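Once you've looked at the hints, dock chain U against the given chain Z.
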Amino acid sequence: MANFAVVGQSVYRKDANPKITGRALYVGNIEMPGMLHVAALRSPYAHARIRSIDKSKAEALAGVAVVLTGAEIANMPGVDPHFGPAFRDQPMLAVEKVCYVGDLVVAVAAVDRRTAENALQLVEVDYEPLPAVFDVLDAVKPESPLVHEQHRPAKAFADLAHVKAGQKSNICYHFKLRLGDVDKAFAEADRVFEDTFSSPPAQHMPMEPHVTLAYLDEHERLNIWTASQSPSYVRTEIAATFSMPMNRIRVRVPYLGGGYGAKLYAKLEPLVTALALITKKPVRYALTREEEFLTITKHKVVTKIKTAIKNGAITARKCEVFWDTGAYAEIGPRIGHKSGYTSAGPYRIPNVWIDSYCVYTNRVPAGAFRGFGVPQVIWAYDSQMDIIARAIGADPVDFRLKPALDEGEPFATGTLVRSFGIKEAIRQAAEAIEWSQPRPAQTGTKRRGKGIAAGVKAVLTPSISGAIVILNADGTAHVLSSTVEMGQGSETTMGQIVAEELGISVDQVHIVQPDTDVTPYDTITAGSRSTYHMGNAVRMAAGKIKKELCEIVASKLEVDPDDLAARSGRIFVRGIEERGMTIGEIFLAKFGSLGTTMAAEAVCQPTASHMDPETGQSEKCTEYWFPSATAAEVEVDTETGQVKVLKLFSVGDTGTAINPRHCEQQLLGAAIMHLGLTLFEEMVFDQGQLINGSLLDYQIAGIKDMPQSFRPIVVEVPHESGPFGAKGAGETGALTVAPAIANAIFEAVGARIRDLPLTPERILRAMAEKSGDAAPED
Amino acid sequence: MKREIVLRLNGRQEKLEIDDADTLLEMLRERFKLWSVRESCGVGACGTCTVLLDGKPVSSCFLLAARVAGHDILTLEGLSQDDKLHPIQEAFVSERALQCAYCTPGFVLSVKALLVENPNPSDEEIKEYLAGNLCRCAGYADILRAVRAAQRRMA
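Residue numbers (this note's numbering), protein chains in the order written: chain Z, 33 to 810; chain U, 163 to 317.
For reference, chain Z alone in the conformation it holds in the complex:
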């Protein structure tokens, strides 16, 4: 590695002290005088027309400030009652009809939460039930009930500009990729493999549930404090929804108690804004965990995948991917697109056909979830890679390595891949699990097996990150950035990048938390994009200041600015450290005064080239890639179907690791989160009614689920335009956990499971089917 001062060092978290003392600011800690609290009535029906709402008794209750309905919001002048990042389809409160069990119907703002809840008991709603659709494969049938009569595009993001208005279908978005001639390849194949895989809806489960506080300040400006991963978007959405000038809206985000995709785009902000505008009081809505379950989910996905093999190589692959986006599209179309185009895998396949459908159903809306849909498509294609390898007698590692794309080869979209360490990731995973070691013969009821999985995610492109860096005369700096610190360590990463560029220490850099009054636009804190995009923006901004510092020093010392370096708060002639000036001396030279500041702004805005809507072909579909591999060793109890994950190695190509420990932490954190999703997490519905919507009934991975041997492996394939070569790490560890474990289970007991999660019941059933025994009853 090049000679960096702080980049590449595992410096300690900048936010450690406020977090370890419990003093860190979260939205829930903010109180305003006269603040009202919200409770909301939710629909008990999956699909129903609202005939009438009687709220008179609730309004009469002492302490109640307002009882609000969707019809009233629709009558507010200049207010669009619907919002959403892809389609404006989600009402703040249901207008005319409800679309899922849990849909918001009536909101009460009262002096305290208990009073608001008591008021809800007094509201009477008369519903007329409508036919509903719960299964994504039923919803695409022509005779299915329609969740929405019309689809209205939102036009909020450049990458979603191609989303079209539609009607008379539950399919709100259809992505197509066509490469070569799949039919011919299937006709000429030696063998054709056809499988269907599914993964269920699941919860993000940030320990901090959604919470939003809104109020009008002394200038009647709207102030919002919100637990959000996308403050800039919230401002845009509120401006559009309420016809408000953008400079009348201030959105602030303090520390976030976890996000994982749950807190993207707008959630509670429009409703809380409406309540604050009506009551003229500060209003806070803090979701309970039970409400959290009814707010946003991971997409349920069904993937039909068909692969042709000729002479041991893959010659064609056809994928049909069905995304159950629930009652409101949320960001489903972007996921159907960005993840859809990766669903044939990181492999050299001459003929590819992909149809990726984003589909409405009458269930809880689904949105971004750590991995942005890619874990669901990798679950399908990597599981099938394993099926094929074992069926044709190929070594599963070789079978992935051989067709894995090399640097500069075209992806299925036609885009040539760069910084693409997929082979290295597979090799490292195989080495860690000692893949080539012979497997000992096994007897008894505890059987071990090893599994390996590989896949790749592409970063959201185009997207935008702006930043401002301010340097003070004492050599300290401020960074104005809308990247949200949600646990990933972005304050530390940005601090390291700016410190490196300006030659100061990480402690001398203060990161200003997102505040749309002062921090420039950023698309989202998500998708493993912040280190690259915001990292580049802060580096470029700091670089502009450094350039000016160097020019001043160059003219004072009569040297070439290119011969200058920055370190320890000084700019000096490279190789002759004593010949230079401190930042303070440079400021005195420029301003003649020490209280001064130098500021610079920069924007990182990678672009994508046009993607053909019929073929999905694009010269550049993404700025960079995240290759991932996971290796697992499991022990399966053949009598109970219980799986113990003994070893788990999470390998990710993160580009240059700005902070190696934090990269490792991201890989492991994502891996254990997805270990839970792989083995037991599932939101279970009965006729659209969630039946395990509490942490008593829905389990996530705890400390006892941690494998005995559990290790991250960071592969650093530098990206030529990443900050110091960095890409990102937030999701990479999530991508390949499920198929690695399922493939290991197959090796252990010969049972192939195509539906997540991998419950003991499913394992026993698959084992029984394999041995020809009668499968146990459901």
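Calculated directly from the structure, the hints in this document are not laboratory data. This structure is a prediction, so every number in the text was calculated from the model and none was measured. Any given hint could be a false lead.
Claimed, not checked - Straight-line Cα separation of at most 27 Å, BS3-like style, residue types lysine-lysine; simulated pairs:
1) Z/K208 / Z/K187
2) Z/K312 / U/K195
3) U/K164 / Z/K736
4) Z/K89 / U/K164
5) Z/K478 / U/K289
6) Z/K676 / U/K289
7) U/K289 / Z/K679
8) Z/K434 / Z/K336
9) Z/K173 / Z/K208
10) Z/K736 / U/K195
11) Z/K208 / Z/K313
12) U/K218 / Z/K313
Chain U alone, transformed into the frame defined by chain Z:
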């Protein structure tokens, strides 16, 4: 119904009037503004709102305030003395056993109770004791190391 209770909170005697329906969590947050006490699951299943009741971890979201009358309550705010971090807190920082940190106060207090009960726990005993604290950033490996580091610092 309202009632008056007396308790020791973070080493200080406190007397206040509460409602019978108030949970301990509501009392600690709303009356004492102890923001390290955070609600997450609301059903005593995730450990986020853990405080120590006479030295034992309890879920404050699932315990009525009335129940703590006459007892001793410790929250994270009461753990460190004179602005100096407790060795367990130092260990969580040095082992980077915190990310979003929403769950951190609950973990730190559970670890405190654990190490008082059992100053030399095995890995299995640590995991068993902390099984009721959930971390969705899933820094469990770091947390396990932090317990070990805290043991060393406290020895």
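Results of checking the hints against the structure:
1. With a C-alpha separation of about 21 Å, the suggested pairing of Z/K208 with Z/K187 holds against the 27 Å cut-off.
2. A C-alpha spacing of about 25 Å is found between Z/K312 and U/K195, which places the hinted pair at or below 27 Å, so the restraint holds.
3. Straight-line distance between C-alpha atoms of U/K164 and Z/K736 comes to about 42 Å, which puts the hinted pair past the 27 Å bound.
4. Proximity of Z/K89 to U/K164 is assessed by CA-CA distance (about 26 Å); at most 27 Å being required, the pair is judged to hold.
5. At most 27 Å may separate the alpha-carbon atoms for a hinted pair to count; Z/K478 and U/K289 meet this at roughly 23 Å.
6. Distance hint between Z/K676 and U/K289 is fulfilled; the C-alpha atoms sit about 15 Å from each other, no more than 27 Å.
7. Our distance criterion of 27 Å between C-alpha atoms is met by U/K289 and Z/K679, whose separation comes to about 17 Å.
8. Of the pairs offered as hints, the one joining Z/K434 and Z/K336 holds, with about 24 Å between alpha carbons and a cut-off of 27 Å not exceeded.
9. Only pairs whose Cα atoms come within 27 Å are accepted, and Z/K173 paired with Z/K208 is accepted, the gap being roughly 19 Å.
10. Pair hint Z/K736 plus U/K195 does not hold up; C-alpha atoms about 33 Å apart against a cutoff of 27 Å.
11. Of the supplied pair hints, the one linking Z/K208 and Z/K313 is violated, its CA atoms being roughly 49 Å apart against a limit of 27 Å.
12. For the proposed pair U/K218 and Z/K313, the alpha carbon gap of about 41 Å is over 27 Å, so the pair is violated.
In the structure shown, a violation is registered for the earlier hints numbered 3, 10, 11 and 12, in ascending order.
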